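Asks: Here's the letter readout for the chains.
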Amino acid sequence: MNISSAKHSLFFFVRFIATDIKRIFTETTFLTSLVIGSLTLIIPFVLFFSNGSTDSFSGGFVTAQSAVFPFVAPFLAALPFAGMYKYESETKYEDLLKLRRGGRDYGINRFITVGMSGGLALLLPEIILLKISFITIYTDSIEDYRRIVTVLLLAFPFGFTYAVLAQAVTYFTRSRALAIVTPEVLYMLFTYSFPYLNLEEYYPPLAISPFIYSSPNFADVFVFFAIIILLSLAVTVIHNFKSL
Amino acid sequence: MNFKYLKISLTEDFPALRLIITSLVIAFAVTVTVYKHIDLSDSVSASFSAPEAIILTLTDMINRVFIFLPLYIFVISGTKNVGLGNTGTVLQRSRPGLVALEIIKVLFYTLIFFGILLIIVLATSNAAFPQAEDFTRTFFGASSSFGIRSDVLQGTPQTAVTNLFTSMFLTYFTIGIINMFLSLLLKEEAAFVLTVIIGILSEIFITAYRIPLSLAACAVFTALSFILISRKNL
Numbered sequence: 001m002n003i004s005s006a007k008h009s010l011f012f013f014v015r016f017i018a019t020d021i022k023r024i025f026t027e028t029t030f031l032t033s034l035v036i037g038s039l040t041l042i043i044p045f046v047l048f049f050s051n052g053s054t055d056s057f058s059g060g061f062v063t064a065q066s067a068v069f070p071f072v073a074p075f076l077a078a079l080p081f082a083g084m085y086k087y088e089s090e091t092k093y094e095d096l097l098k099l100r101r102g103g104r105d106y107g108i109n110r111f112i113t114v115g116m117s118g119g120l121a122l123l124l125p126e127i128i129l130l131k132i133s134f135i136t137i138y139t140d141s142i143e144d145y146r147r148i149v150t151v152l153l154l155a156f157p158f159g160f161t162y163a164v165l166a167q168a169v170t171y172f173t174r175s176r177a178l179a180i181v182t183p184e185v186l187y188m189l190f191t192y193s194f195p196y197l198n199l200e201e202y203y204p205p206l207a208i209s210p211f212i213y214s215s216p217n218f219a220d221v222f223v224f225f226a227i228i229i230l231l232s233l234a235v236t237v238i239h240n241f242k243s244l
Numbered sequence: 001m002n003f004k005y006l007k008i009s010l011t012e013d014f015p016a017l018r019l020i021i022t023s024l025v026i027a028f029a030v031t032v033t034v035y036k037h038i039d040l041s042d043s044v045s046a047s048f049s050a051p052e053a054i055i056l057t058l059t060d061m062i063n064r065v066f067i068f069l070p071l072y073i074f075v076i077s078g079t080k081n082v083g084l085g086n087t088g089t090v091l092q093r094s095r096p097g098l099v100a101l102e103i104i105k106v107l108f109y110t111l112i113f114f115g116i117l118l119i120i121v122l123a124t125s126n127a128a129f130p131q132a133e134d135f136t137r138t139f140f141g142a143s144s145s146f147g148i149r150s151d152v153l154q155g156t157p158q159t160a161v162t163n164l165f166t167s168m169f170l171t172y173f174t175i176g177i178i179n180m181f182l183s184l185l186l187k188e189e190a191a192f193v194l195t196v197i198i199g200i201l202s203e204i205f206i207t208a209y210r211i212p213l214s215l216a217a218c219a220v221f222t223a224l225s226f227i228l229i230s231r232k233n234l
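Sequences listed follow chains F and Y, in order. Quick note: the first sequence, position 216, residue 216 per the numbering used here, numbers continuous. Quick note: the second sequence, position 67, residue 67 per the numbering used here, numbers continuous.
The hints are simulated quantities; they were obtained by calculation from the structure and are not laboratory data. As the structure is a computational prediction, the values presented were derived from the model and not from experiment. C-beta atoms are modelled at their ideal positions from N, C-alpha and C, and glycine is treated no differently. Watch out, some of these pointers could steer you wrong.
Stated by the list, open to error - Residues from chain F that keep clear of chain Y, each with C-beta distances beyond 10 Å, as calculated:
1) 8
2) 10
3) 86
4) 97
5) 99
6) 138
7) 148
8) 222
9) 240
10) 241
As the list claims (entries may be wrong) - Among chain F residues calculated to face chain Y with C-beta under 8 Å, some are:
11) 175
12) 177
13) 189
14) 192
15) 196
16) 197
Take the sequences, apply the hints, and build the full model.
Replies: Below, the structure is given as structure tokens:
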């Protein structure tokens, strides 16, 4: 590979990702995911205040964030873009995109945008909830801000991980719906079983709303994210090995 | 009915990967249930025997409705003549013949599913709990708090286990036939979702109105076969 072709492929890489990120916001599945996510955050928030519990800012935010949202989060992350690669190969749109890239596959480039779509699908509803909580109550305590930053920092990697996992599953099935639902099913199975197996500190929803449990361990969470992302990347690379 | 086609249609879409995934998940779920019962037996200060643990596993609503039933439909819906498609109807020569063949397929995969379920449940429970000829007294006392119906606990534990497995088989087979009819009309995913909803509702209905399980299953099954026989041109 000489320098000019390397420059050329870098140009294609950047342009592909830029156009793909613009495409995320036009997908109806992304909007659906945003609406469901916002509703699962706002309805518990409203219920929390209608019960008369107006004691603290972070109480409202964190309670609403850990009520329903963590249990549907993997599905919301996988919904927008994870089945897109499969859909494009079904409708032959893949061939057009390959033709533009000189016959090479785009699975590895797509890996990044799929992850970003999942991350954004979880991060944006939380920002909407944060905005609403700032309208209703005023706060200036450090502890509240620490909690908000923790929750917001965890949302994006969580969405990235599960979206990428769902995309990796699409290489093994012929059904797109199955691939989108698989991470959610695994997540719910472990959520149901871990308390009975005495593994409460690895309870899966702790990865997105850590304040369910009193003393969360963040290092473990990021190690888990890294393992899943690397596995999915390995699957994607093996699948697209010829086109590298 | 064209029996030459039976062997092809049974072996062509054999859902090997789905069966492997299913057996892994069943093994995991049964292990978790056994752990749950060990916790329970510590808290109730009762010691269960193996048949009692099997009864607890099979009557547990989360296992029955949210784990085993979707897995069963997952296995069944992976066997829908993807390779041959409409050619299957032509090979079969008639539509009632096609439906009869589909029912034989559903029965075949239901038997495989229940074979796997039986082996895993028996092996796990027998490994974790001791054998017993009769129900323990503490189990009778605690059974209502676990949500077990009194009509299940008649006769010896072995009879109860057999009755439970038979009624579960009939219920699931009926739901599998409903899934088969729906998947002839709809896409695989839509049929899957509808069948899971129907299955959950019927399980809740059977539990809430205390209908004997085998009776309910037999009634639906008889009705379906009557429709099949009476309508020649389905």
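Asks: Just pull the numbers of the violated hints for me, sorted ascending.
Replies: none
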